[in-house]
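Read off the chains here:
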Amino acid sequence: MPRKTSVIEPRILEHAILLFGDQGYGVSTRDIAASASVTEASIYRIFDTKERLYQLAIKNVGERAQQQMGQVLLRIAQLPQSNPKKQIAETVRGWYDMLSRADARILQQVLKQATPYDKKARDLAWAPLGQIIAIVSGLQNKYKTKTAKAALNAQLLVWALFQHKVLQASPQPTKEENQKIQALIENWIDLVQS
Amino acid sequence: MPKRISTIKPIILDHAIALFGDRGEEGVTTRNVAVAAGVTEGSIYRLFKSKKNLYHCSVSDASRRAGERLGQMLRDISSRPPTIPGQQLADTLLAWFHAFPRADARIFQQVLMKSCINDCKLRQQAEGALSEIVAIAAGILKAIEAPIELDPGSGSHRAELIVMTLFHHKVTQAAAQLSAEESESVSALVSGWVDLVAPR
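Those protein sequence lines, which keep their order, are chains A and B.
If you're matching positions, the first sequence starts at 0 in numbering that gives the first Met the number 0 and goes up one per residue.
If you're matching positions, the second sequence starts at 0 in numbering that gives the first Met the number 0 and goes up one per residue.
Quick caveat, the hints were computed from the structure, so don't treat them as lab data.
All values reported here derive from a predicted model rather than from experimental measurement.
Hints are supplied without guarantee of correctness; some may be wrong.
[Stated by the list, open to error] Straight line, CA to CA, 27 Å or less: simulated BS3-like cross-link-like pairs of lysine-lysine:
1) K85(A) with K174(A)
2) K50(B) with K49(A)
3) K51(B) with K111(A)
4) K85(A) with K3(A)
5) K179(A) with K141(B)
6) K58(A) with K113(B)
7) K120(B) with K174(A)
8) K58(A) with K145(A)
9) K179(A) with K120(B)
10) K111(A) with K141(B)
11) K148(A) with K141(B)
12) K85(A) with K145(A)
13) K174(A) with K113(B)
14) K49(A) with K141(B)
15) K113(B) with K111(A)
16) K141(B) with K84(A)
17) K113(B) with K179(A)
18) K145(A) with K84(A)
[As the list claims (entries may be wrong)] Computed, partial: chain A to chain B, Cβ under 10 Å:
19) Y24
20) G25
21) T28
22) L72
23) L73
24) I75
25) Q77
26) D117
27) W158
28) V165
29) L183
30) D189
[As the list claims (entries may be wrong)] Covered stretches of chain A, as calculated for chain B (at least 3 residues, CB under 8 Å):
31) 29–41
32) 80–92
For every residue, glycine included, the Cβ atom is placed at its ideal position computed from N, Cα and C.
With the hints as constraints, model all of the structure from the sequences given.
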C-alpha cells in the first residue's frame with residue numbers, strides 16, 4: 000500500500016538535500032529513492048520532475064536557514080549584554096553549528112550557478128547569509144567600529160566560516176575542525192576589538 | 000593524421016579543467032572534452048586511458064599551474080621596489096585572486112569536498128594550492144608585526160579569513176571572467192582586511 004504523501008514528502012526532501020548537497024544536481028532520482036526507502040515512482044508522483052525536486056530542496060534549505068536566523072536572534076537576546084566578546088563569539092558559533100554541511104553546500108551550489116541564472120533562487124540563498132553578516136556587523140557597534148568597516152569585517156568572518164562548512168570533511172565536524180573554527184572566531188574578535 | 004601528443008595534451012587538459020570545474024566529474028563525458036578541445040575521443044583514451052585518470056591529471060595540472068603562478072608572483076614581488084608592507088600584502092592577495100582561474104578554483108573545491116577515503120594525494124594537491132597563499136600572507140603579516148609578540152597560530156588564522164573569503168568569491172564568481180562590480184567588492188574586502196590586521 001503506498002504510504003501517505005504527507006509522511007514521505009518531507010523524508011524524500013531531507014534525503015534529496017543530503018544527496019544534492021554532497022554530489023550536486025547529477026544525483027539520480029533512483030539514488031534518492033533508495034536513500035529515502037521509497038520507490039522512484041513515488042518521487043515522480045509527488046515532485047513530477049527531478050528539476051522540481053531540486054528547486055524544492057533549495058526552497059526548503061532557504062526556509063530552514065531563515066528560521067535558524069530567528070533562533071540566532073533569540074539567542075543574542077539571552078546572552079549577557081555586559082560581555083560583548085562572548086556575545087559575538089556565541090552568536091557566530093551558534094549560527095555555524097546550526098548550519099548543516101548539506102544545507103551549506105546547496106546554498107553554495109545556488110550561489111555558484113551562472114547558467115541558467117535564476118535570480119529568485121540566488122536571492123533566496125543569499126538572504127540568510129546577508130542576514131548573519133548584518134547581525135555580526137551590528138554587534139560590532141559595541142566596539143565603536145564604523146558601520147562600513149564593521150560590515151566588511153563581518154563579511155570576512157562569515158564567508159570564511161561558510162567556506163569551511165562547505166569543505167568540512169564529513170557531515171559532523173571533527174574535534175580538530177571545531178577547535179580551528181573556535182580559534183578563527185576568537186582571533187577575529189581580538190582583531191576587531193583592538 | 001593524428002596530431003602530436005606534446006601539442007594536444009595541454010590543450011585537452013585545459014578544456015578538461017574548464018569543463019570539470021563547471022560541471023564536476025560526473026557531469027562531463029570524454030566526448031564533451033573531445034569536442035571542446037577539437038580532438039577525437041580516441042586521442043583522449045590513448046593519452047589518458049580513462050575518464051577517471053583524465054580527472055586526476057586535470058587536478059594535478061591545475062595544482063601545478065597554481066604553484067607556477069605563486070612562484071611567478073613571488074618573483075614579481077621581490078623584483079619590485081619595496082612598498083609599504085600593508086600595500087604589499089594587499090597587492091599579493093589581489094594578484095593571487097586575479098590570476099586564479101575560476102575553473103581551477105572549482106575543481107579544487109570539488110576535490111576538497113570529497114572526503115579523503117578515495118584519494119588523499121589529490122586532496123593534498125588541492126589543499127596545497129590554498130595553504131601556500133595562507134602561508135605567504137601570514138609571512139608578510141609576521142614581518143609587519145615583528146615588534147609585537149603575536150602567538151604563532153594567529154597570523155595564519157588571520158590570513159585564513161581573507162584566503163577562504165576570496166576562495167569563496169572565486170568559486171561563486173558569476174562568469175569565468177570577473178565583472179567590474181565583483182572586482183570592486185573583492186578589492187574592498189582585501190583592503191578592509193589589511194586595515195584590520197595591519198592598521199596604518
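- request: Go through the hint on L72(A) and say holds or violated, using the shortest Cβ distance to chain B against 10 Å.
  value: 24 Å, violated
message: Next pair to validate is K113(B) with K179(A); report whether the Cα-Cα distance is within 27 Å.
response: 20 Å, holds
- prompt: Is it true that the CA of K113(B) sits at most 27 Å from the CA of K111(A)?
  reply: 18 Å, holds
- prompt: Straight-line Cα separation of K58(A) and K145(A) no greater than 27 Å?
  reply: It is violated: about 35 Å lies between the C-alpha atoms, which goes past 27 Å.
message: Count the residues of the stretch 29–41 of chain A whose Cβ falls closer than 8 Å to any Cβ of chain B, and tell me whether that reaches three.
response: Not satisfied, violated; 0 residues make the cut.
- prompt: Given the proposed pairing of K120(B) with K174(A), does the C-alpha separation stay at or below 27 Å?
  reply: 23 Å, holds
- prompt: Given the hint that K179(A) pairs with K141(B), does the C-alpha gap stay at or below 27 Å?
  reply: 20 Å, holds
- request: Three residues minimum, CB to CB under 8 Å: does the stretch 80–92 of chain A make the cut for coverage by chain B? Let me know.
  value: Violated - the stretch 80–92 of chain A has 0 residues with a Cβ nearer than 8 Å to chain B, which falls short of three.
query: Minimum Cβ distance from I75(A) to chain B below 10 Å?
result: Violated, about 22 Å.
task: Sort out whether K113(B) lies within 27 Å of K174(A), counting only the CA atoms.
output: 19 Å, holds
message: Check whether the Cα positions of K50(B) and K49(A) lie no farther apart than 27 Å.
response: Distance ~26 Å between K50(B) and K49(A) Cα, so the pair holds.
- request: Starting from K58(A), check that the Cα of K113(B) is at most 27 Å away, please.
  value: Roughly 25 Å between the alpha carbons, so the hint for K58(A) and K113(B) holds.
Going down the numbered hints, you'll see the structure goes against 4, 8, 10, 14, 21, 22, 23, 24, 25, 26, 31 and 32, while the others check out.
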